[in-house]
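Q: Sequence:
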Amino acid sequence: FVVATYHPGMLLATWPLVRATGERSLEAGRSMAGAAAVAGALVLALVAGLAARSLPLGLAVGAVWMLSRDTLSWFPFFRVDFLALLLGWLALAVLGAFEAMSQRGAGRSMGQGPWEIGLRGIGEALAVVFGVAAFFTKQTMVGPLAAIGIAMLWHSPRRGIVWCALVALITGGLMGALEYTSPGSYWFQAITANANVFSLVQLQVWAVHFWRFQPVLTSGALLLAPLAIGVMIARARRGDDSLSSSTVSARPLLFGTALVIYALFGLASFLGAGKLGAAENYMLEPNAALLLLLAWSQGAFATWLASRTAKKQCAQDDSQEEKFARHRYAVLGIFLMAVPGLVLLSHAETMFSPPWFVPAEQRPEVASVTLGLKSPTVDDYRAAARASKWVEFAPDATYSERALFMLMQGRQPILHPFIMAQLAREGKWNEDELFDRWAEHPLTQVIVTEDLRPQATLNGDAQFTPRFKESLNAGFTLQEIAPGRLFTYYRWIARDVAPGSLAASAAP
55 FVVATYHPGM LLATWPLVRA TGERSLEAGR SMAGAAAVAG ALVLALVAGL AARSLPLGLA
115 VGAVWMLSRD TLSWFPFFRV DFLALLLGWL ALAVLGAFEA MSQRGAGRSM GQGPWEIGLR
175 GIGEALAVVF GVAAFFTKQT MVGPLAAIGI AMLWHSPRRG IVWCALVALI TGGLMGALEY
235 TSPGSYWFQA ITANANVFSL VQLQVWAVHF WRFQPVLTSG ALLLAPLAIG VMIARARRGD
295 DSLSSSTVSA RPLLFGTALV IYALFGLASF LGAGKLGAAE NYMLEPNAAL LLLLAWSQGA
355 FATWLASRTA KKQCAQDDSQ EEKFARHRYA VLGIFLMAVP GLVLLSHAET MFSPPWFVPA
415 EQRPEVASVT LGLKSPTVDD YRAAARASKW VEFAPDATYS ERALFMLMQG RQPILHPFIM
475 AQLAREGKWN EDELFDRWAE HPLTQVIVTE DLRPQATLNG DAQFTPRFKE SLNAGFTLQE
535 IAPGRLFTYY RWIARDVAPG SLAASAAP
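Taken in order, the sequence shown gives residues 55 to 562; the numbers are from this note's numbering.
Worth flagging that the hints you see were computed from the coordinates, not collected in a lab. These numbers come from a predicted model, not from an experiment. Worth double-checking, as some hints may not be accurate.
[What the hints assert, rightly or not] Taking CB as the label site, the calculated pair distances span: (1) Lys482 / Ala219: 28 to 36 Å; (2) Ala74 / Leu325: 33 to 41 Å; (3) Gly226 / Asn527: 47 to 55 Å; (4) Arg212 / Val92: 50 to 58 Å; (5) Val251 / Met462: 28 to 36 Å.
[Unchecked claim] Taking lysine-lysine and the DSBU-like style, the derived pairs with C-alpha atoms no more than 30 Å apart in a straight line are: (6) Lys523 / Lys443; (7) Lys482 / Lys523; (8) Lys482 / Lys329; (9) Lys329 / Lys523.
Ideal Cβ positions, reconstructed from N, Cα and C, are used throughout, including at glycine.
Could you build all of it, start to finish, from the sequences and the hints given here?
A: In C-alpha cells:
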C-alpha cells in the first residue's frame with residue numbers, strides 16, 4: 055500500500071548505485087540527489103551567466119541558490135527535485151549555449167548559414183532530450199519545455215510547431231508505454247495519487263516563509279521583472295537583440311525569451327506549495343526563478359547603459375568598447391556585493407544563529423514559518439535508535455510509520471500513511487484492502503510518530519484515517535514512548551501479545 059507518486063527518472067538514475075550499495079541503504083539516492091543539487095547550481099550559474107553575459111554574475115546566482123535556506127534544508131533527502139531541476143536547467147543551458155555559439159560565428163551570413171543553423175538545431179534537439187528527461191523525473195517540471203516551446207512558436211512558428219510536435223510525440227509515447235506495461239497503475243500512481251487536496255491556509259504559511267527568507271530576491275524581482283519583460287518584447291518587435299548599438303554584442307534572442315517565460319513559470323510553481331504535503335522542495339524553483347529574473351534584468355540594464363554611452367560618444371573603437379564593458383561590470387559589482395550578502399543576512403538568524411540574534415525558538419513568527427523544523431539533538435538519535443531496536447525484534451509483524459526502519463531490516467514498507475489516507479478520504483482508494491490484509495497477517499506492534507490516543511490534542515488527523523486510529527486503540531496498547539526533539543516515537547503492542555514479552559526482548 056505504497057504508491058510511486060513520481061515518474062521513474064530518479065529510480066532509473068539511482069538503480070545502479072542502489073545495486074552497488076545495497077537495498078537497505080538510502081546512501082545511493084542521497085548521493086545522487088546531493089550531486090544533482092551541486093551540478094544544478096553550476097548549470098543555473100551557466101544559465102544566469104548567459105542571460106546577463108557575465109560569468110561572475112552567473113556564479114553568484116548559483117552560489118546564492120545553493121546557499122539558500124530551502125536548498126540546504128532539502129539537500130540531504132533522497133528525492134527527485136534536484137535531479138529534475140538539473141535536467142530542466144540543462145535544457146535551457148544547451149539552448150542558450152548553442153545559440154550563442156551560432157551568433158558568435160555568424161559573420162556575413164547573419165546567423166542564417168548552414169553552420170549556424172546546424173548549431174541552433176543541435177541546441178534545440180538537446181533541449182528536447184533534457185526537457186523530456188526532467189518531466190519524466192518529476193511530472194510538475196514542465197516549465198522548461200513550455201517556455202522553450204512558447205519562445206520557438208513566437209520567434210519561428212514553423213520550427214516551433216515541429217519542436218512541440220516532437221516533444222508531444224516522445225512524451226505521449228513514453229507515457230503510453232508506461233501505462234501499458236503497468237496494467238493501468240502508472241496513471242493512478244504518478245498522476246491521480248499525486249494530486250493532493252489544495253489548501254489556501256498552507257499556501258499562506260509558505261508565502262510567509264518565502265517572504266521571510268527571500269525578501270531581497272522577491273523585492274528585486276518584482277521591481278526589475280517588468281523591465282526584463284519590456285526589453286524582451288521590444289527586442290522581439292525589432293527582430294534582433296542589439297538595443298541599436300553595433301558595439302554591444304547580441305544576446306541570444308530565442309534563449310532570452312525562453313528564459314523570461316521560464317522564470318514566470320518558475321514563480322507560478324510556488325502555487326504548488328498549497329498542495330497538502332508540500333515542503334521546501336516547492337521553494338527551490340521559485341528561488342531560482344527570482345535569481346534568473348534579477349540576472350536577466352541586470353544584464354538588460356547593463357546593456358542599455360552601454361548602448362546609451364555609445365550613442366552619446368559615437369565611438370566604435372575597441373578602447374571605447376572596453377569602457378562600455380566597465381560600465382556593465384560596475385553594475386555587476388553592485389549586484390554581486392548587495393544581493394548575496396543581503397540574502398544571507400535576511401535568514402542568518404535561523405541559518406547560523408549568531409549571538410547577536412534572538413534564537414529562533416524564542417521568536418514565534420520564525421517558528422511558524424519554518425514549520426517547526428529544527429536540528430536533531432542527542433535525544434533524537436537515542437529515540438531513533440530505540441525505535442530501530444523495536445523494529446529489529448519483530449520486523450515481519452511490525453508496521454513502522456518511518457519506512458527507513460523497515461528498509462534497514464530488509465523489509466518492504468507496508469503503508470505510506472499520509473498519501474493513502476488522503477486517497478481514502480477522496481474516495482480514490484478503499485482502505486478495506488489494508489485491514490483485510492492485516493486480518494490475515496496480524497501485526498504484533500505498530501510504531502508511529504504521533505500520539506494517536508483519543509485524548510491527544512494533535513492525534514494524527516493528517517497522517518491517518520479515523521478507522522486506522524480506532525482500530526489501533528481497539529486492538530493495541532500504547533506500551534512505550536521514545537521522546538525526541540524532531541520526532542517522538544510511540545510503540546503500540548497488540549493486546550493479545552503476552553504482557554512484557556516484547557518489552558523484555560527489546561530492552562535497551
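Q: Could you run down the list of hints and mark each one as holding or not?
A: Going through the hints against the structure:
1. For Lys482 and Ala219, the Cβ-Cβ distance of about 33 Å falls inside the hinted range of 28 to 36 Å, so the restraint holds.
2. Taken as a hint, the range 33 to 41 Å holds for the pair Ala74 and Leu325, whose Cβ atoms sit roughly 39 Å apart.
3. Checking the proposed 47 to 55 Å range against Gly226 and Asn527 shows it holds: the Cβ atoms sit about 48 Å from each other.
4. Between Arg212 and Val92 the C-beta distance comes to about 39 Å, which lies outside the given range of 50 to 58 Å.
5. At about 32 Å, the beta-carbon gap between Val251 and Met462 stays in the expected band of 28 to 36 Å.
6. Taking the CA atoms of Lys523 and Lys443, the gap is about 24 Å. The hint holds against a cut of 30 Å.
7. At most 30 Å may separate the alpha-carbon atoms for a hinted pair to count; Lys482 and Lys523 meet this at roughly 20 Å.
8. With a C-alpha separation of about 17 Å, the suggested pairing of Lys482 with Lys329 holds against the 30 Å cut-off.
9. Distance restraint check for Lys329 and Lys523: the Cα-Cα separation of roughly 24 Å lies within the 30 Å cut-off, and the hinted pair is therefore satisfied.
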